[in-house]
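Asks: In case you want the letters, here they are:
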Amino acid sequence: MLKFLLKNRSRILLGLLLALAVWVYAHRHASPLRESGPAKNLSLSLWQPVQDAVGRVLTFPEETLNAIQELGHLRQEVLRLQQDNQSLRLQIASDQLVGEELKRLQAATQIKASMPRKAKIARIIGHDPSTWNKSFVIDQGSDDGVLVDSPVVSEQGIVGRVIETTAKYSRVLLILDPDSGVGAIDARSRVAGVVLGTGRNRLKLDYVDIGEDVQSGDPVISSGMGGIFPKGYALGTVFSKTQSDNGLYTQIEVVPAVDFAVLDYVFVLEPVNAYP
Amino acid sequence: MRNYALFLWAFALFFLQQSFASIWSIDLGLIFVSLVGLRSNPLKAATVGFGLGLAQDLLSAGFIGPNLLAKILVSLISVAAQGKIYRERVSTQSLLILFNITVQQAVIWLLMKWDGKAPALGDALWVALPSIFLTTLVGAVVCFGVVRLRRRRFDPATA
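The listed protein sequences correspond, in order, to chains A and B.
When we follow our numbering, the leftmost residue of the first sequence carries the number 1, and every step to the right adds one.
When we follow our numbering, the leftmost residue of the second sequence carries the number 1, and every step to the right adds one.
It should be emphasised that the hints constitute simulated quantities derived from the structure, not laboratory data.
Heads up, the beta-carbon is just placed ideally off N, CA and C, and yes, glycines get one too.
No false leads were slipped in.
Cβ-Cβ distance ranges computed for the label pairs, FRET-style:
#1 149(B) x 253(A): 39 to 47 Å
#2 5(B) x 10(A): 17 to 25 Å
#3 20(B) x 147(A): 22 to 30 Å
#4 155(A) x 121(B): 31 to 39 Å
#5 210(A) x 116(B): 25 to 33 Å
#6 13(A) x 80(B): 13 to 21 Å
#7 149(B) x 118(A): 50 to 58 Å
Listed below are the simulated DSSO-like cross-link pairs for lysine-lysine, each with C-alpha atoms no more than 30 Å apart in a straight line:
#8 118(A) x 168(A)
#9 103(A) x 231(A)
#10 113(B) x 241(A)
#11 113(B) x 204(A)
#12 231(A) x 204(A)
#13 117(B) x 241(A)
#14 231(A) x 168(A)
#15 204(A) x 117(B)
#16 120(A) x 168(A)
#17 118(A) x 231(A)
#18 7(A) x 44(B)
#19 84(B) x 44(B)
#20 120(A) x 103(A)
#21 241(A) x 231(A)
#22 84(B) x 7(A)
#23 120(A) x 231(A)
#24 241(A) x 204(A)
#25 204(A) x 120(A)
#26 103(A) x 118(A)
#27 44(B) x 3(A)
#28 117(B) x 231(A)
Reference listing, derived: stretches of chain B covered by chain A, where coverage requires no fewer than 3 residues with Cβ under 8 Å from a Cβ of chain A:
#29 7-19
#30 38-47
#31 125-137
Chain B with its partners taken away, still in its complex shape (with noise of 0.2 Å):
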């Protein structure tokens, strides 16, 4: 994806993520993270996270760092992903989607406790599991998508 086609898609992202999908707990900028770590270079990936988690940390009522964080980690996963996983493939790109909102929450859960700002355990499972499923949810209806896109464009045969 070209720099500035990856740019107008965290933004209309970024929009979607203020008005709607953050009143689900969905976290439209780790599957875009997710899904750009999958097909880019760590450099690449790492500064789409960059960008999506401090923009997030600034916009938030919280201290800078988690999001900005917990981000870039996602991003070298899912780059770290690209050689062990057939990455056309809903199924695969989900479970990343999922293991990398799993881990995204617990590094920001335990950042947040580290600067004694943290929820209880038992009230921070209730924010992390509904964030987790509807994340990965939605996260497997854009995968499918992305499939299918991908799939018609350089592969129209099977499509």
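Bound conformation, chain A alone (with noise of 0.2 Å):
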């Protein structure tokens, strides 16, 4: 028996390791494994700060290069915003008296006004190393105050939400993922949908009436439904319209607002919840 084992070590090793992987698939809905899971929760937590230091030390003789250069620009740069500053006092003055004129019109009026979202500034560290997924890292976990679901917007748009985070790391889940869905409604016509990812660098508005009035170049923003995306974000421009399969809906496709591809940094804005 022993003879046999260790004549056919490397078969029977070969065997195991392919029963470990079905296996692994066939658990992939059980808790350890599921998405968002232990599993990938402590592969998160192990594997971000290697490639964020291994980032960092590769950008930094770039790094360093650009600041010797941008060093000659700074006393223009220093006087332009001296000037600036001056201006702007004189500025936050004038508003200061229009604020206090606000404040006392909302109090007579007893309306009660959106409070403005506190956002976070968050460096992306990291890609999905899968193609048929669409997320990336950040370097801001829930030490610093990030939650499931908190909303990420970039000065573009809507980017995605927080579907995983660790101490020092999050995960952020794009709208442009198979998984992912955002309320939204056409900015023109005001007509609603929900805006769907497709996998790809396509967005698609569906859930649309045949007959309803979008056109393509419409604006497309967040509706504010479903309890996690803020309202009044943008989301795209419509790019096409078809009728769907079954006729009775029409798709939409949807450029989206954010160009992915260049993205650096984003904001992460506190959960919807979050506010009364």
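Got two chains here, each in a separate frame; can you build the complex from them with the hints?
Replies: This is how it looks when you write it as structure tokens:
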């Protein structure tokens, strides 16, 4: 028996490896292995510090050279900023007067103004290694106050939402991912639908009835429905409009507002339910 | 290739994969698994495929399994190709990478479809085709380097 095992150890080990792979796949929905489960959380905690550190080391020479080049422009920049500072101080003084007037009006009319959302700036430190999923990792985690389901935006519009956090890092699921869906409205005609990810650099505005007024070039914004994404942020622009296979819905292709290929930094907002 | 060298290469490739390659839909892991599979025994090739596929699944937003199974499959395809193709030629290695990336994308899409999470066929083609094209292109460049290096090392007269 022992002789047989020794003689065929490569085949046995290969068989065990294949069985392990099938076992892992078969248990993909079990608690430790599921999406955003402990196994993924542990690997994120272990690998991302390495990715982050190696990335910093490799970009250090380039950043140092850039900093040296920028030194020459700094003096002019300081003078310009001092002038800007003076004019902004005047502007602030004027705004304070307006702000006080607004407060008095709000108190008088009992209107509750929507609070400005707090945003944390985060650097993208790693992209999804699989070609089928669209996500990235940012250098802000639960220690920085990032929570699961926090919306993530850029100055161009909605980027995605946080699906997983560790102490120092978080994973953001992009709106391009096939698992992603955002309540949306056509900003021109106010027609509502759901913007779905397709896995590629296009979105779909789905669940729009036939005959609704949606045209190419219409801006699409978030509707605030679904309780994750805040209302009024840009999602994209309508590119084309076709009828679905079953003839019940109009499928609308949307070009995302955000250029995901050049994103370096994003803003993490507080979850929508953090505001009453 | 020695085991520690394999590990270091896999580490470096995985770093590059997360840094920029995946933005361009290039699968460096697949190129590595294909080339290792061409020069290893089945157990070693499958272990490399298992390791890289599992790491890819663990660090992606999807569920665990598709890359793991697909990478093991392509590693075994590469091992099986050892006796069928002349492996010290750029064109044959590149064709193997083209075949492997096509198989991998088809397997992953089918597994996602089985799980009810696959994009529609039209969208899937838009995801898979750039990946197939660019991975093969980068693979051809890597194969060129590998062939030149190996020729310089083992057959300097023809290098």
